[in-house]
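Asker: Residue strings, one per chain:
Number of protein chains: 2
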Amino acid sequence: MSILVVGSTALDSVETPFGKVRDILGGSAVYFSIAAGYFANINLVACVGDDFPQEHIDFLTNRNVDIRGLQRKDGKTFRWEGRYDSNLNEAHTLDTQLNVFEEFKPVIPEEYKSCEYVFLANIDPELQLDVLKQVKSPKLVACDTMNFWLENKPDVVRKAVEKVDVLIINETEARQFTSECNLKKAAKKIISMGPNTLIVKLGEHGALMFRESSIFFAPGYPLENILDPTGAGDSFAGGFMGYLAKTDNLKERYLRQAVIFGSVMASFNIEDFSLNRMRDLPYEDIEFRYKKFKELTDFKDL
Amino acid sequence: MSILVVGSTALDSVETPFGKVRDILGGSAVYFSIAAGYFANINLVACVGDDFPQEHIDFLTNRNVDIRGLQRKDGKTFRWEGRYDSNLNEAHTLDTQLNVFEEFKPVIPEEYKSCEYVFLANIDPELQLDVLKQVKSPKLVACDTMNFWLENKPDVVRKAVEKVDVLIINETEARQFTSECNLKKAAKKIISMGPNTLIVKLGEHGALMFRESSIFFAPGYPLENILDPTGAGDSFAGGFMGYLAKTDNLKERYLRQAVIFGSVMASFNIEDFSLNRMRDLPYEDIEFRYKKFKELTDFKDL
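Residue numbers (my numbering), protein chains in the order written: chain A, 97 to 398; chain B, 97 to 398.
So here's chain A without its partners, still in its complex pose (with noise of 0.2 Å):
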């Protein structure tokens, strides 16, 4: 199965502990095709400016993305600048450059519209609706978010989430969406607004899925050497929607696996600047990091 996935193509700096880059190949959408692609067929949706490299053209082709969707457009493509301290778990933003990111509009080619698995990567989410007119009923529509749009366009990220069947957004984010600290009822709050499934990434210690009669919890995997974190949700997202597409089958044991895979996608991702860390990781060492993930967490019955 294919995914269709609208997001961000960007031009990153980021410093952290260990390094500094200047920009060098980024954004959610990116992320999200790059660890996707391990699994299914992806049609992307994004937009890039006349100053986009062709060797990022060429890595995305050449790992299953399709580009007939990637506007090209006279302008800067998309800058952001960040910084991350010792702790590794709060970017803070330096500068965004929202150039040809601006005008995006989402426009989703007639070979795309048949998807049946949809991620909405975080962007505005007036496009998020948008897209979601466009497509053809999905089997399967996820959807990230931000604070920014919690805080500045609360009651249209609530309409979109209304029509999402996954919500993936990470803890700070639940708790700011449903005004409510205790995870588990932010949870049953956000299920009884439409998405059958929410999940909410925890950062270095893992990812919960809440569904409506069961929760699942996936750990964080431990690594000794954390480069750059920036982009660690949307490689979750890729994994597990990946995953999701590749099985196309969406009972509760596949979601668990697709949570693991998420999060072992995520954890390849952080242990290198921008996507290096995916650029020779073949597909077997993914599946050698899913049993140690089954390892990490396994215990006996009583």
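Because the hints were derived from the structure by calculation, they are not lab data. There is no bait here: all hints are sound.
Note: identical chains are not told apart, hence a pair may lie in one copy or across any two.
Heads up, simulated EDC-like pairs for lysine to aspartate or glutamate below, C-alpha to C-alpha not over 20 Å straight-line:
1) Lys232 with Asp344
2) Lys387 with Glu348
3) Lys390 with Glu348
4) Lys281 with Asp261
5) Lys284 with Glu320
6) Lys229 with Glu206
Starting from the known structure of chain A, arrange chain B on it as the hints suggest.
Answerer: Positioned in the frame of chain A, the structure of chain B alone reads:
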């Protein structure tokens, strides 16, 4: 098998967003004893003042706790006053009155000295070392500590840690103790000091057990109603040590199960103020929640 525990006995005053209580039963050794008492006989060494209510003594003796090592002194019992904000993750100490605890010198009764399992709750590391001089080659010694000792007596904490098998501390303390932000690196440093096992408590997100050649991640149990997190860490240690003493087996398999029992006891403890949740809690409920932990983390192999 019996467990020797040395720690504090206190009358706590606690305020959380869900209520306020004054002079209620508390103290690290008490939380530990009541939790561990579900699994094993407990030998308690602690001290109380002449104001310590007889009903608390009765509660302990009714729950497998031998109090021949409980010193009763003229003066007031140790008092701690704290407040938790809405996220419940951090205790703000409002007042500490050491009272009789200031002069506490642990004296291990002859009958306790051959205990195979020893837990050194969070007390002055000099006293922890002093206890270790009094006991006869136990099979397993675990200890806790806190930021206050890490700041004020780091060398003494280090000496105590070198002598124990299991160190149980929280995430912030692990980082502080090793000056290492990365938890896996911090764990390596601590294990190189002497303990064969390090348990890092992650608050509501669970706990990580690091050993020479394995890592185990136990989730936090998602609860809708958390009234008071006081004593969660000591209840965890109680469930962990209690189960180990019960099975009297230190193989990885049992250590992992013990971490889950620790998490189970902590999850019950925080559902009410003081030790109230453990007053009428039947053992079957503990096993039932253990099974819930299994459901919470279970996923299929590839």
